[in-house]
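Number of protein chains: 2
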Amino acid sequence: MAVERPGEFELIKTYFAPLAHHPGSAGLTDDAAVLEPSPGMDLVLTKDILAADVHFFAEDPPEAIAAKALRVNLSDLAAKGAAARGYLLGIALHRDWTAEWMQRFCCGLSADQAAFDLVLYGGDTIRSGNGLQVSITAIGEVPTNRAVRRSGASNGDALFVSGTIGDAAAGLKVRLDKGFSSRGGFSSAQADHVLNRYLLPQPRTRLAPVVAEYASASMDVSDGLLADAGHLSAASNVDIEIRLDQVPLSPAMHQLRKADFAAFLGCLNGGDDYEILAAVPAEKADAFRLAAEAAQCPVSRIGKVREGSGQVVLLDDGVPVDATGPKGFLHF
Amino acid sequence: MAVERPGEFELIKTYFAPLAHHPGSAGLTDDAAVLEPSPGMDLVLTKDILAADVHFFAEDPPEAIAAKALRVNLSDLAAKGAAARGYLLGIALHRDWTAEWMQRFCCGLSADQAAFDLVLYGGDTIRSGNGLQVSITAIGEVPTNRAVRRSGASNGDALFVSGTIGDAAAGLKVRLDKGFSSRGGFSSAQADHVLNRYLLPQPRTRLAPVVAEYASASMDVSDGLLADAGHLSAASNVDIEIRLDQVPLSPAMHQLRKADFAAFLGCLNGGDDYEILAAVPAEKADAFRLAAEAAQCPVSRIGKVREGSGQVVLLDDGVPVDATGPKGFLHF
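Residue numbers (my numbering), protein chains in the order written: chain A, 963 to 1294; chain B, 963 to 1294.
Derived from the structure by calculation, the hints contain no laboratory data. Fair warning: there could be bad hints in the mix.
[What the hints assert, rightly or not] Computed footprint of chain A on chain B; a stretch qualifies when at least three of its residues, placed anywhere within it, have a C-beta under 8 Å from a C-beta of chain A:
no. : segment
1   : 1033-1042
2   : 1082-1088
3   : 1251-1257
None of the values given here were measured: they were computed from a predicted structure. Where a beta carbon is used, it is the ideal one built from N, C-alpha and C, also for glycine.
Start from the sequences and build out the full structure, keeping to the hints where you can.
Listed below in structure tokens is the structure:
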């Protein structure tokens, strides 16, 4: 039997208030949340809106939608070297939401609050004209003046990326195109892997303090490796050289590379990776890699920063690859 | 001739980056904004989402939509005694937005940034499934431990409200119901007044330091005077007595009261006032009123706080009025 759908005040009291542990949130019974900043720390603020059938599928598990909405923001904070502290949740509810859907959505938030040591500070809930939209403002902290920008890369820096690249884009292809998995030669485990990487980003929060300590520039890979390297190189006014043969790939992406190089390149620059792309002064490169391993968040050296004016060059075993086609996923 | 509609990166660069003066926003070219908190201050955070045809009319002037989206958040901050500092802007753009629309929307933001001494820290822009939604997270500061909550009212406190009550709800009625203005006997100046009060809230930001200095409890009136007095009394675990004959009214609301008492009561509790409702210890009541006048933001004493458990009693010249009908506007 369907549980009756609660009104706004019941919704806040029943579902959201239990997520708001911070005393400054006053159990979500006030107009605003009050926070006392930690001494010696800067605040880092980011906001991402996810919309049904643009950034996720409306029929995705509610827990996964909640997790993705949080995690894309956590990824931004980690890339700045910041530890996440909490978030404000804006939710525009689809017409046909149910109490069961909301309970599962909040279970997803609750699980990630525990996993990433977060609290809900506050937010707002409205009816949506049609599809679900989740708008999260996440707040993190980093020691004063230690936030890592996109703009600090300089000639000679080593370029690193965390995790593996291209899986989430391949997962989206598998969801949108029934034949993609078999054409790519994916095993069922490989197909599951890429599907899961699309559904549930793994923000590299454990890498945040390592980034803050070693990186000269950093960002997360959300629009695609080459597109985002372009953003970093433009912000730093340098060129970036990426060695395709050094880009870390999952078994699924290795397989896709063999089966269909054009599709592979498309996924490589497909976005939604939520890995960290960082430039590190060459003399600190080994220490950065060791510290990342110690943080259980391995990184791969994939290229270097050169003098220039914002160009990205892709080399495969030393041979330039024309990757001008896939320009990165435009979320907009 | 229509100006070509820009893509996301052009949109940010052309329209939003000029609003992001704060160095920590890096001209909106980074993943996140970085802020150094002011020593001795707490942060106050609030988030409100406004949706077309729920919280404003889609055909409203873009400048007014921008201003309203900002101002409802500024009102929350002022009610906590906090000075607004900046905001993050989430915007889900309607399908048929134009470059001209966006330019006017950003003019509205820019004008209010100047009027209220704000900066844009960051945000996100997406396509909307259909209607425009504007999601703003506003950030303010208040001296440490001085934020004013809903929960601090106690027996004997005087109850105050700023400005006048009911105008915005009357303005909404005039927009929705062609006959409302003539049935209410509004002059054209009165109709214009209430229409403008609906379109453009006037957040009582100048009252913020006065609230922080004198009030025991405070909130803004957005759901309706009686509904919000109920929220304040419930949070403080007290009863509240409101003297209807003392509630400050515009000439339009005085006129409506004479013409149609039921419609008047409906507007009185219709919401969207964005005035400040504050409880002040009786011995500080005169000082509060004088300080509010000095801040060019006059307040009226409309009742008192009594022992109790969350009831609101409305008296008109000492006679109880049954206002159980209008329960406040549910934005949800």
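Checked hints:
no.: 1; hint: 1033-1042; result: holds (count 4)
no.: 2; hint: 1082-1088; result: holds (count 6)
no.: 3; hint: 1251-1257; result: violated (count 0)
Going through the hint list in order, the structure does not satisfy hint 3, though it satisfies all others.
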